[in-house]
Amino acid sequence: MEFPFRPLFLWTDVLVFLLTAAVIVYFMRVRRDVNQRATWLRALRNPSGMASAVILGLFVLVGLLDSMHFRPLLPPQAAAAGAAKAPPAAKDAKDTKAAPAVVVSRYAPTALSVLDVLLRPFNLEGERTYSEPLATHAFVKENREENGRTIRDFPRLKVAAQHLKDPVSDWAWDVTWRSAAGLLLGVVMTLVATAGLVGLLVRHPAQKGLSYGAIFSRLWSNQLSMPWRAAVLALGGALLLAGLVIVLAPVYHVLGTDKVGKGLLYLSMKSVRTALVIGTLTTLFTLPFALLLGIAAGYFKGRIDDIIQYIYTTLHSIPSVLLIAASVLILSVQLESNPELFATAAERADLRLFFLCLILGVTSWTGLCRLLRGETLKLRELEYIQAAQAFGVAHFRIIWRHILPNVMHLILISVVMEFSGLVLAEAVLSYVGVGVDPSMISFGTMINAARMEMSREPVVWWSLTAAFCFMFVLVLAANLFADSVRDAFDPRTHIR
Amino acid sequence: MLAYITRRFLYAILILVGVNLLTFVLFFKVNTPDDIARMQLGTKRVTQEAINKWKTERGYDKPLIFNTKAQGMGMVKETIYFEKSFEMFSLNFGRADDGRDIAREIVHRAGPSLALAIPVFAVGLVVNITFALIMAFFRASYIDFVGVIVCVVLMSVSGLFYIIGGQYVMSKVLNLAPISGYQDGFAGWKFLLLPTIISVFSGIGSGTRWYRTIFLEEMVKDYVRTARAKGLSEFTVLFKHVLKNGLIPILTGAVVVIPLLFMGSLISESFFGIPGLGSYTIEAIQSQDFGVVRSMVFIGSALYIFGLLLTDISYTWADPRVRLE
Numbered sequence: 001m002e003f004p005f006r007p008l009f010l011w012t013d014v015l016v017f018l019l020t021a022a023v024i025v026y027f028m029r030v031r032r033d034v035n036q037r038a039t040w041l042r043a044l045r046n047p048s049g050m051a052s053a054v055i056l057g058l059f060v061l062v063g064l065l066d067s068m069h070f071r072p073l074l075p076p077q078a079a080a081a082g083a084a085k086a087p088p089a090a091k092d093a094k095d096t097k098a099a100p101a102v103v104v105s106r107y108a109p110t111a112l113s114v115l116d117v118l119l120r121p122f123n124l125e126g127e128r129t130y131s132e133p134l135a136t137h138a139f140v141k142e143n144r145e146e147n148g149r150t151i152r153d154f155p156r157l158k159v160a161a162q163h164l165k166d167p168v169s170d171w172a173w174d175v176t177w178r179s180a181a182g183l184l185l186g187v188v189m190t191l192v193a194t195a196g197l198v199g200l201l202v203r204h205p206a207q208k209g210l211s212y213g214a215i216f217s218r219l220w221s222n223q224l225s226m227p228w229r230a231a232v233l234a235l236g237g238a239l240l241l242a243g244l245v246i247v248l249a250p251v252y253h254v255l256g257t258d259k260v261g262k263g264l265l266y267l268s269m270k271s272v273r274t275a276l277v278i279g280t281l282t283t284l285f286t287l288p289f290a291l292l293l294g295i296a297a298g299y300f301k302g303r304i305d306d307i308i309q310y311i312y313t314t315l316h317s318i319p320s321v322l323l324i325a326a327s328v329l330i331l332s333v334q335l336e337s338n339p340e341l342f343a344t345a346a347e348r349a350d351l352r353l354f355f356l357c358l359i360l361g362v363t364s365w366t367g368l369c370r371l372l373r374g375e376t377l378k379l380r381e382l383e384y385i386q387a388a389q390a391f392g393v394a395h396f397r398i399i400w401r402h403i404l405p406n407v408m409h410l411i412l413i414s415v416v417m418e419f420s421g422l423v424l425a426e427a428v429l430s431y432v433g434v435g436v437d438p439s440m441i442s443f444g445t446m447i448n449a450a451r452m453e454m455s456r457e458p459v460v461w462w463s464l465t466a467a468f469c470f471m472f473v474l475v476l477a478a479n480l481f482a483d484s485v486r487d488a489f490d491p492r493t494h495i496r
Numbered sequence: 497m498l499a500y501i502t503r504r505f506l507y508a509i510l511i512l513v514g515v516n517l518l519t520f521v522l523f524f525k526v527n528t529p530d531d532i533a534r535m536q537l538g539t540k541r542v543t544q545e546a547i548n549k550w551k552t553e554r555g556y557d558k559p560l561i562f563n564t565k566a567q568g569m570g571m572v573k574e575t576i577y578f579e580k581s582f583e584m585f586s587l588n589f590g591r592a593d594d595g596r597d598i599a600r601e602i603v604h605r606a607g608p609s610l611a612l613a614i615p616v617f618a619v620g621l622v623v624n625i626t627f628a629l630i631m632a633f634f635r636a637s638y639i640d641f642v643g644v645i646v647c648v649v650l651m652s653v654s655g656l657f658y659i660i661g662g663q664y665v666m667s668k669v670l671n672l673a674p675i676s677g678y679q680d681g682f683a684g685w686k687f688l689l690l691p692t693i694i695s696v697f698s699g700i701g702s703g704t705r706w707y708r709t710i711f712l713e714e715m716v717k718d719y720v721r722t723a724r725a726k727g728l729s730e731f732t733v734l735f736k737h738v739l740k741n742g743l744i745p746i747l748t749g750a751v752v753v754i755p756l757l758f759m760g761s762l763i764s765e766s767f768f769g770i771p772g773l774g775s776y777t778i779e780a781i782q783s784q785d786f787g788v789v790r791s792m793v794f795i796g797s798a799l800y801i802f803g804l805l806l807t808d809i810s811y812t813w814a815d816p817r818v819r820l821e
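First to last, the sequence lines map onto chains A and B.
For the first sequence, the positions run 1 to 496 when the numbering used here is used.
For the second sequence, the positions run 497 to 821 when the numbering used here is used.
Bear in mind the hints are in silico, worked out from the structure with no lab data behind them.
On a predicted model such as this, the values are computed, not experimentally measured, just so you know.
Glycine residues also receive a C-beta, built at the ideal position from the N, C-alpha and C atoms.
Errors might be hidden in some of the hints.
Just the calculated beta-carbon pair ranges, DEER-fashion [as the list claims (entries may be wrong)]:
hint, chain 1, residue 1, chain 2, residue 2, range
1, B, GLY749, A, GLU125, 50 to 60 Å
2, B, ASP718, A, LEU335, 36 to 46 Å
3, B, ASP530, A, SER439, 20 to 30 Å
4, A, SER439, B, THR552, 46 to 56 Å
5, A, LEU233, B, GLY749, 34 to 44 Å
6, A, ARG203, B, PHE641, 46 to 56 Å
7, B, GLU779, A, ARG45, 46 to 56 Å
8, B, PHE641, A, THR110, 44 to 54 Å
9, B, GLY595, A, ASN406, 57 to 67 Å
10, A, THR344, B, PHE682, 29 to 39 Å
11, B, VAL526, A, LEU233, 48 to 58 Å
12, A, LYS259, B, ALA683, 37 to 47 Å
13, A, GLU340, B, PHE641, 52 to 62 Å
No more than 27 Å apart at the CA atoms, straight line, and that leaves these computed lysine-lysine pairs for DSS-like [to be verified]:
hint, chain 1, residue 1, chain 2, residue 2
14, A, LYS301, A, LYS158
15, A, LYS141, B, LYS668
16, B, LYS736, B, LYS726
17, A, LYS378, B, LYS668
18, B, LYS668, B, LYS686
19, A, LYS301, A, LYS208
20, B, LYS525, B, LYS551
21, B, LYS736, A, LYS259
22, A, LYS141, A, LYS158
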């Protein structure tokens, strides 16, 4: 039996799903623990924390959808046609040899993700080069033949705005009514979401005995125990934009197209996964080093402490960009000389992303390690740990039961605080040439490609704007969320 | 005091040796000279002779750590480790792939790097401290609240956007400064104006916020309450007492980075065409010149370790309470 697709698990996909599972397990434990639950609720009680959590949640959803990769089944005739079309000299001895190979694999060599499939109706493909957002005509003049004469003007776009008979007169009205319809759709979706939320809140014991209307008016005047209004506003903003995209994108390039005619909306959405992977997997790689070495140094002191301090001071002495650059250069030499590690270009790019996260992790654990060492040094002198030692509890057990839970807030704070820095670092590293694979869609590669466009005349402003907006919203949401998590978990903030 | 500094100095040398060994392992053990040669010559269809020729030209054809064929000291000296890695301690960095002497190049390029890095550092410090003091003075008011929001927003924009946007607005639209370039001496100030402004601006968000936290932490301490209790105005408390005490962590934090100013800034130098060490490093990374990257790693680490040493000394100078045994 043949399935219409074959799932493809890239290295980072597997880790992303493992990480998601770990986060779910963590929150299930938090739900049961009264204290941790209260602390997390405190982080969300801050309106900016709540709103940024909603926005981050949407980004994570995009990233997860984009992490489910598969290889679609090629339709039989397309596979045969593809084989016949591949080399221009059709009836060659070479060609007959190449044909069976294509038929046997049957699955496309490129990896698609669920997000690609969902975005397909909203991503028009086939433009040749730049076009402005919502444009009907290309951005660059081209020569074309008309009635035997060569005319040089802006040609109609190949796939966008095909439904307009006379683009000059119809365009303004078409865009206006479509925008209005999109906004209306957004409002309707927001209302449905709000109704769903009110429906859930009615059942919650905290709102016992309140009617739907009472809950709605309290939600609107922000009198509920949680700042649900901020959540609804954040979600509403996102849904309004989604409504616009749903109505406009099937016929226009909403954010314009780049140099090779790819839709920038699509590129920006695809960049989200790369940013999230770098921001999360890197911290995943830092944790084992920082945790083991930091706690060991603080707990055992003496010779072990000296050695660990020496290791992290040495590593920290090397300027991080240079260490990352050196490691990535070495990595690319290794990838270059071991091509058997990956079968497709997507796997190669993914392997490079995986190792980039690993390198970033190995070079950036020193800060958290130092923090954990200091905290453990303080904790080990406290009475309850002294008591445990006096009772003869094993070192490992003391660390696991008494030290680790008490440094958990530091780990959590540092994980959320690092995230936005890593997303920003990816862009810089890609600019330097030691970031992700050039074929991988990321904010860094987008900015890098758009850099020279600002000096064009007239200016191609939309590619940089698209990258800027997506990246800014993601990093701002991450920063705000990190702030409210820190305020909730850091015991020092309660003093003020 | 002297014993303390001597001990820190010896420890610094130990760390530098560690950095040296680490870079050696990274550049020669993980990545053999054969790999580098194959990379430089193009991966496909490279004969072993071509690789050997490449290695001989650049002196990579020797044993890694121990030369059994040589006599006496040559057993240690005629090796890749000694010639390529240990020689760095005597500031002999060898030649870049284009045949130029790396040490000479570094001396030439340190000037332009400093010409940009020093103003950025000094102006940035003054601007950030000023804003932080204003926010601390009006703490828990709307000015403070809006200031924090502006800081978070500024922090959330990638440095690349500041540079690209700044170049576009200041040079292309307003025509205020040349978009890039460099000129030696004072005549070159107009080339440095734009990169300085943009670099300072892009650092305001995180810098101001960090210093504000330091001042606020200082403001809940006992001596501040005493100062207020004896009737000093809030202005005097802030500028005479809090500022002085808050400067201790700020200055000692700043001392670490002073030696690193020599290294310049990777991104702004290459965007603004300033021929400093930052753009040298980027060019080396992009052309995969391992010799230059190795040298820059060594110099950067050495400067950072020197900065740590300066920090230790400055602690004793800035805060007499620090007891050094």
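Indices of hints not satisfied (ascending)
Numbers 2, 4, 6, 10, 14, 17, 19 and 21, in rising order.
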